[in-house]
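So the protein lines, in turn, are chains A and B.
Letter by letter, the first sequence follows residues 1 to 183 in the working numbering.
Letter by letter, the second sequence follows residues 1001 to 1407 in the working numbering.
Worth double-checking, as some hints may not be accurate.
Here are some, though not all, of the chain B residues that point toward chain A, as calculated from beta-carbon distances under 8 Å [stated by the list, open to error]: (1) Met-1001; (2) Val-1062; (3) Ala-1078; (4) Phe-1176; (5) Phe-1177; (6) Leu-1178; (7) Gly-1283; (8) Ala-1365; (9) Thr-1367.
Worth flagging that the hints you see were computed from the coordinates, not collected in a lab.
As the structure is a prediction and not an experimental result, all values here were calculated from the model.
For glycine and all other residues, C-beta sits at the position ideal for the given N, C-alpha and C.
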Amino acid sequence: MMSEVRFHGRGGQGVVTTSKILANAFARTGQYGASFPMFGFERRGAPVTAFGRFSDKPVREKTQIYNPNILVVLDPSQKKAANVFDGLVPGGMMLLNDKKNTDDVRHENLRKLAVVDANGIAMAEIGLPIPNTVVVGAFAKMSGLLDIGPVLEALADYFSGKKLAANEICARRGFDEVRIVEL
Amino acid sequence: MNTTATPSRIKVITGNAAAAIAAKLARPDVVAAYPITPQTEVIEQISTFYASGEMDCELITVEGENSAMNVVMAASLAGGRVFTASSSWGLVFMYDAVLAVAGARAPVVMVNVNRETPGIIAVSSGQQDMISTRDAGWIFLIAEDCQEVLDLVLQAYRLAEDYDIQLPVMVHYDGFFLSYLSEGVDIPEQKTVDQFLSVLKTQPKRTVLHPGEKLGVGSHGILGGYMELRHKHVTAMERSKAKFEEIDKEFADIFGRSYGGQVEEYRTDDADMVLVGSGSMCGTIKAVIDEQREKGVRIGLVKIRMYRPFPHKALVAALKGKKAIGVVDRSLAFGFDGGPIYTELKAFETRMDGAKLISFIDGIANTDITKTNVEKMIQMTGDLADGKDVPEVTWVSYPDANTKGEK
Chain A
1 MMSEVRFHGR
11 GGQGVVTTSK
21 ILANAFARTG
31 QYGASFPMFG
41 FERRGAPVTA
51 FGRFSDKPVR
61 EKTQIYNPNI
71 LVVLDPSQKK
81 AANVFDGLVP
91 GGMMLLNDKK
101 NTDDVRHENL
111 RKLAVVDANG
121 IAMAEIGLPI
131 PNTVVVGAFA
141 KMSGLLDIGP
151 VLEALADYFS
161 GKKLAANEIC
171 ARRGFDEVRI
181 VEL
Chain B
1001 MNTTATPSRI
1011 KVITGNAAAA
1021 IAAKLARPDV
1031 VAAYPITPQT
1041 EVIEQISTFY
1051 ASGEMDCELI
1061 TVEGENSAMN
1071 VVMAASLAGG
1081 RVFTASSSWG
1091 LVFMYDAVLA
1101 VAGARAPVVM
1111 VNVNRETPGI
1121 IAVSSGQQDM
1131 ISTRDAGWIF
1141 LIAEDCQEVL
1151 DLVLQAYRLA
1161 EDYDIQLPVM
1171 VHYDGFFLSY
1181 LSEGVDIPEQ
1191 KTVDQFLSVL
1201 KTQPKRTVLH
1211 PGEKLGVGSH
1221 GILGGYMELR
1231 HKHVTAMERS
1241 KAKFEEIDKE
1251 FADIFGRSYG
1261 GQVEEYRTDD
1271 ADMVLVGSGS
1281 MCGTIKAVID
1291 EQREKGVRIG
1301 LVKIRMYRPF
1311 PHKALVAALK
1321 GKKAIGVVDR
1331 SLAFGFDGGP
1341 IYTELKAFET
1351 RMDGAKLISF
1361 IDGIANTDIT
1371 KTNVEKMIQM
1381 TGDLADGKDV
1391 PEVTWVSYPD
1401 ANTKGEK
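Isolated chain A, as found in the complex (with noise of 0.2 Å):
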């Protein structure tokens, strides 16, 4: 079963990042994981989508995803952007950084929405408003593909020292504190 994830942020928010720690983590599972953003010239604050595949057998497409299973956005400004929803097959989840409690994002094709505060947590433990790290443990929380453990270990292979002990509480919290509504 392969899930296809599409993140949507802006240049700045780890989306590129986030996309990476989860194809990291899902290949310490002995899963497999391929991930890429697409955007024209780097620079901050510009959309940037980024697409990740994720499956227990080896990922082959070089394309991007059109029909995702499952939504990541870390930018709230985006969270009823009509693209944001493009191609989102039935069944589908989203796992939304806001602060709010946000029960009035719907689509008729998302079955669960998973909301963090991830700019908020960052700001407390990294003093940064990064939300990646959040991110990437409220995903594993959500999806069910992933324990902690690997995501913790992936973030080793960005992070060092006091940024990584920091993140990893980053990625424990989101795990813990993620809100899950079946809609």
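Assemble the complex: chain A is given as a structure, and chain B must be docked to it using the hints.
Coordinates of chain B only, in the frame set by chain A:
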């Protein structure tokens, strides 16, 4: 489904990181390069390896690509192992030196991260930079995924520096779709790579420049002298085909991965029709083929891994007797309707026992070669096999080209 961590040698890295790690494992003496999207990460990673002492080389941070290629040419002619990397405008800016390297038979190894060329500014994927340099006299290899990027860079050193070849090798991989793709790569141990490359040390030493000694390279040649050098070059290019096959087999013995040499065949044995492609598109094509096979469609893929020299014998052997062949180009051959690889392969159509060819152009300037697009190509190739009237050339993602009759 296991959701917990298990020990593994697999590292999740990008295509760019795979190229940089392969370069490190090959232990080059001199690296010179200039950053350009989508290649920049290669140079960032090598700089990190250099700064941390993991990589023991001369790292020359030049002011532009032209200097990069001249630096590695000089170092190569002095007997060093060298590496550089570029893309698109950078490759164009070093073009005179690219030609000079080939003329001097300097065994330079580089990666080119495929991107559209100047003319229309497009920071996006496409193989046009590869096509624009295809007649430079270099060996060109093309990778499909991150593992193959790493493996091809290692194989490139064996090919370039082989005493019987002595030609520069460029390893191509798609910008964006592969340069930024993070996926699992089995990173070999240093001692295994050392073992694989150690064959070169047992060969006679190539002629190199020494300060104070009278020896010329890239020197003036006219008439017969010029022809002699060029003929030797062409002959060495031809020899590199069999050498590449040998290296692939030896690589398989040591690393446990074989790709089939000049071309890789995927489910072609009983196929009525075949797509011919190269680079990252082949992963998507394979995934679609598996789906179509379940519906009983007898489709296969022939993947071009060695593009220069052109592997026409291997291609004819793989394609002979098929009913229809769709050639997918991620670039244009200005002056021809069809794509460049299609146009080249067309010259061998009469040797294919009746197989018919059509051209698909797709993936230009980051246009996604989607599964839907591949399904469309398979449908049209199937129609050709069934004897239906199918256009010779189709721009898959630009229907206007197929309806307006602009030709």
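Structure-based check of all given hints:
1. Met-1001: Holds: closest Cβ of chain A sits about 6 Å from Met-1001(B), inside 8 Å.
2. Val-1062: The hint is violated - Val-1062(B) has no Cβ within 8 Å of chain A, the shortest such distance being about 22 Å.
3. Ala-1078: Hint on Ala-1078(B): violated, closest Cβ of chain A at ~37 Å, above 8 Å.
4. Phe-1176: 7 Å, holds
5. Phe-1177: 5 Å, holds
6. Leu-1178: 7 Å, holds
7. Gly-1283: 4 Å, holds
8. Ala-1365: Ala-1365(B) check fails; min Cβ-Cβ to chain A is 11 Å, beyond 8 Å.
9. Thr-1367: 10 Å, violated
The structure fails to meet hints 2, 3, 8 and 9 from the earlier list, while all remaining hints are met.
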